[in-house]
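The lines below spell out each chain.
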Amino acid sequence: MAAKPKLHYFNGRGRMECIRWLLAAAGVEFEEKFIESPEDLEKLKKDGSLMFQQVPMVEIDGMKMVQTRAILNYIATKYNLYGKDMKERALIDMYVEGMADLYEMILLLPLCPPDQKDAKVALIKERTINRYFPVFEKVLKSHGQDYLVGNKLSKADVYLVELLYIVEELDPSLITSFPLLKALKTRISNLPTVKKFLQPGSQRKPPMDEKSLEKAKKIFNIK
Amino acid sequence: MAAKPKLYYFCGRGRMESIRWLLASAGVEFEEEFIETREQYEKLQNDGYLLFGQVPLVEIDGMALTQTRAILSYLAAKYNLYGKDLKERVRIDMYVDGTLDLMMVMALAAFKPPEEKEENFALTVKKAKTRYFPVFEKILKDHGEDFLVGNKFSWADIQLLEAILMVEELNASVLCDFPLLKAFKTRISNIPTIKKFLQPGSQRKPAPDSHYIELVRHILQF
Numbered sequence: 004m005a006a007k008p009k010l011h012y013f014n015g016r017g018r019m020e021c022i023r024w025l026l027a028a029a030g031v032e033f034e035e036k037f038i039e040s041p042e043d044l045e046k047l048k049k050d051g052s053l054m055f056q057q058v059p060m061v062e063i064d065g066m067k068m069v070q071t072r073a074i075l076n077y078i079a080t081k082y083n084l085y086g087k088d089m090k091e092r093a094l095i096d097m098y099v100e101g102m103a104d105l106y107e108m109i110l111l112l113p114l115c116p117p118d119q120k121d122a123k124v125a126l127i128k129e130r131t132i133n134r135y136f137p138v139f140e141k142v143l144k145s146h147g148q149d150y151l152v153g154n155k156l157s158k159a160d161v162y163l164v165e166l167l168y169i170v171e172e173l174d175p176s177l178i179t180s181f182p183l184l185k186a187l188k189t190r191i192s193n194l195p196t197v198k199k200f201l202q203p204g205s206q207r208k209p210p211m212d213e214k215s216l217e218k219a220k221k222i223f224n225i226k
Numbered sequence: 663m664a665a666k667p668k669l670y671y672f673c674g675r676g677r678m679e680s681i682r683w684l685l686a687s688a689g690v691e692f693e694e695e696f697i698e699t700r701e702q703y704e705k706l707q708n709d710g711y712l713l714f715g716q717v718p719l720v721e722i723d724g725m726a727l728t729q730t731r732a733i734l735s736y737l738a739a740k741y742n743l744y745g746k747d748l749k750e751r752v753r754i755d756m757y758v759d760g761t762l763d764l765m766m767v768m769a770l771a772a773f774k775p776p777e778e779k780e781e782n783f784a785l786t787v788k789k790a791k792t793r794y795f796p797v798f799e800k801i802l803k804d805h806g807e808d809f810l811v812g813n814k815f816s817w818a819d820i821q822l823l824e825a826i827l828m829v830e831e832l833n834a835s836v837l838c839d840f841p842l843l844k845a846f847k848t849r850i851s852n853i854p855t856i857k858k859f860l861q862p863g864s865q866r867k868p869a870p871d872s873h874y875i876e877l878v879r880h881i882l883q884f
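These protein sequences, in sequence, are chains D and B. The opening residue of the first sequence carries number 4 in my numbering; numbering runs sequentially from there. The opening residue of the second sequence carries number 663 in my numbering; numbering runs sequentially from there.
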């Protein structure tokens, strides 16, 4: 029996969370080894386990995979969450890259200097309702199907639903004018694998608090 | 006969240059429409071609593709530059993502104030020498083959060559400790399609100058 994928990261969302979501949605059990200190990270680097000295790193199928996108694309292909052909894959990639731009803005918010934070939050909200949400609402409206691409669950749906939860944490009112996005969120959340992942006690990580932010900054040597 | 791919971007490198490299290396002829005014940009946005209101945009195979990586992955697959199976593809993805991380620091540095720009350029050279180039030198050393993945020319080779040439513009001796990368650079540069692209008069774009930076700032309003 193949070993379970093993995720190396700190005990928090960061750049690993979307990988956890995709594995969970695909019904794949995985293990996690948490980096708790700068020394843990140093050891991984010295062992030669991190190709570019960075995490996320996922041990899977005999490889030590790094680079978030590379990992997501591998998992999506392996578990049939990447469309049926090249053109569907291009659509999925295009949608996810757009989502990733918004995701990245929110991800980096805790590192924003306090005096710039309000402006950053305002920008995120503006982009959410003017640039990103309308695109996906329109895609769902245009074909009337349950999933973004090819009438089948893909990496795009899983990533979008994760993003919808994150945006909801920032401001629950942002999704108000997007009924089809709301419906997608409910529908995907009710898939058995995703439903399980959304329960307390799963490997899903909570939003970062002050304490875990300080810990992460220390591990990654961020000022 | 299929229409040539059409690229919509400013007349400069930015986020489109890697796409030009990939098409050129694959021997694919392409057309370009250069965005030179704010009005042109707004028209593209209003006509609904730009999914997220942004360029690069590539019209190909009946699709209006945006998002640099989505475009690059599609082209790599279409022109057989993406390895022979999933395991080769993920290696190409890993190498390319690392290389693109390095190149992005440089591309964005051009738009920073002079002091920060110099700092970022210095950081790029340092990262190239300590984090990225050693990895690729080792990969080439370990398998002794001509190309990074699967003994066959792929997107990974093109992306690395582009990165090497860009970093060399900052520091001409950056490859001095990397003999295999030096040989790689020569070898890949001599591939006929790439050799052609490296000639003057090709669609390859020069490094950004102050005119380009001002134009982009004006059009994108930042």
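A few of these clues could be false.
To be verified - Pairs of lysine-lysine residues, derived as DSS-like cross-links and limited to a Cα-Cα distance of at most 27 angstroms, are as follows:
| hint | chain 1 | residue 1 | chain 2 | residue 2 |
| --- | --- | --- | --- | --- |
| 1 | B | K779 | D | K123 |
| 2 | B | K668 | D | K9 |
| 3 | B | K668 | D | K48 |
| 4 | D | K188 | D | K199 |
| 5 | D | K90 | B | K779 |
| 6 | D | K226 | B | K789 |
| 7 | D | K87 | B | K800 |
| 8 | D | K87 | B | K779 |
| 9 | D | K120 | B | K779 |
| 10 | D | K87 | B | K789 |
Hints are computed from structural coordinates only; laboratory data are not their basis. Nothing here was measured: the structure is a model prediction, and the numbers come from that model.
Now the hints, each set against the structure:
no., hint, result
1, B/K779 / D/K123, "23 angstroms, holds"
2, B/K668 / D/K9, "42 angstroms, violated"
3, B/K668 / D/K48, "43 angstroms, violated"
4, D/K188 / D/K199, "15 angstroms, holds"
5, D/K90 / B/K779, "39 angstroms, violated"
6, D/K226 / B/K789, "19 angstroms, holds"
7, D/K87 / B/K800, "36 angstroms, violated"
8, D/K87 / B/K779, "44 angstroms, violated"
9, D/K120 / B/K779, "24 angstroms, holds"
10, D/K87 / B/K789, "38 angstroms, violated"
The structure fails hints 2, 3, 5, 7, 8 and 10 (numbered hints given earlier, in ascending order).
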